[in-house]
Every structure is written in C-alpha cells, then in structure tokens.
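Residues -1 to 112 (our numbering) make up the sequence shown, in order.
Derived from the structure by calculation, the hints contain no laboratory data. Some clues are possibly wrong.
What the hints assert, rightly or not - If you anchor each label on the Cβ, the simulated ranges turn out as follows:
{"#": "1", "residue 1": "Asn28", "residue 2": "Pro85", "range": "34 to 40 angstroms"}
{"#": "2", "residue 1": "Lys73", "residue 2": "Gly40", "range": "31 to 37 angstroms"}
{"#": "3", "residue 1": "Asp59", "residue 2": "Ser12", "range": "31 to 37 angstroms"}
{"#": "4", "residue 1": "Gln(-1)", "residue 2": "Glu86", "range": "19 to 25 angstroms"}
{"#": "5", "residue 1": "Gln(-1)", "residue 2": "Ser82", "range": "34 to 40 angstroms"}
{"#": "6", "residue 1": "Gly63", "residue 2": "Ile24", "range": "18 to 24 angstroms"}
{"#": "7", "residue 1": "Lys41", "residue 2": "Pro97", "range": "16 to 22 angstroms"}
{"#": "8", "residue 1": "Gly6", "residue 2": "Thr54", "range": "34 to 40 angstroms"}
{"#": "9", "residue 1": "Asn28", "residue 2": "Glu86", "range": "18 to 24 angstroms"}
Glycine included, C-beta positions come from ideal geometry on N, C-alpha and C.
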Amino acid sequence: QVQLVESGGGLVQSGGSLRLSCAASIINFNQVFMAWYRQAPGKERELVASLSRIGTTSYADSVNGRFTISRDNIKRTVYLEMSSLKPEDTAVYYCNAVPNWSFWGQGTQVTVSS
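Work out the full structure, taking the sequences as your base and the hints as a guide.
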C-alpha cells in the first residue's frame, strides 16, 4: 500500500511563502508523474502543479509564476514552493499521481490571511 504524507502547511499572511513536502512510499517513485492538488472549503479538488518523470512542469493559471513544483527521487519526495500567497490559496493541499490514485494522504492545511 502506497503512503503519501504531506507536511509544511500553516498560517501565513498574504504575500508570504511556504514550502510543502510530500513523502511517498513508492518503490518506483522516479517513474511516477506527480502533482499537487488542493481543495478549498466547498469546492472541488483541483490540480495546481504537476511534474513528470522527465522534469516537465505544468501549473494552473491561478498559481503560475508563484508556485514551483520539484522532486527529489532519492528521498522519494515532491515539494511545492509557494510564494506571493493570496487568501484564495487557502485550502488543504495534497500530493498524488497524475492521473491520481484512488487513495489520498491526510493533506496539509494552508491558510492565508488577508
């Protein structure tokens, strides 16, 4: 059973920065197309950033230029650097594959105050 453990969230003021981490217990992690998703209260879960096994990145328009996804295949960890945070970035952030697996980690809460 694959486990996904997200961390690094917290409360930050508008304009601030956070770095999220996701440790994945996947043997072939370096072969997996990974992504960060988020779910705000009352909204559908959305994909915000993805990173292919060959390093191709893609971002939602709402975060492009502010968020950066990266990975460490040795540590089997994917990161999300978030800067210039806005209140609308408030959500629970999850990592998963693309397309996503049926199971999810517990996520990490990001709250941006205005």
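Status of the hints after comparison with the structure:
no.: 1; hint: Asn28 x Pro85: 34 to 40 angstroms; result: holds, 36 angstroms
no.: 2; hint: Lys73 x Gly40: 31 to 37 angstroms; result: holds, 34 angstroms
no.: 3; hint: Asp59 x Ser12: 31 to 37 angstroms; result: violated, 19 angstroms
no.: 4; hint: Gln(-1) x Glu86: 19 to 25 angstroms; result: violated, 34 angstroms
no.: 5; hint: Gln(-1) x Ser82: 34 to 40 angstroms; result: holds, 37 angstroms
no.: 6; hint: Gly63 x Ile24: 18 to 24 angstroms; result: violated, 29 angstroms
no.: 7; hint: Lys41 x Pro97: 16 to 22 angstroms; result: holds, 20 angstroms
no.: 8; hint: Gly6 x Thr54: 34 to 40 angstroms; result: violated, 23 angstroms
no.: 9; hint: Asn28 x Glu86: 18 to 24 angstroms; result: violated, 33 angstroms
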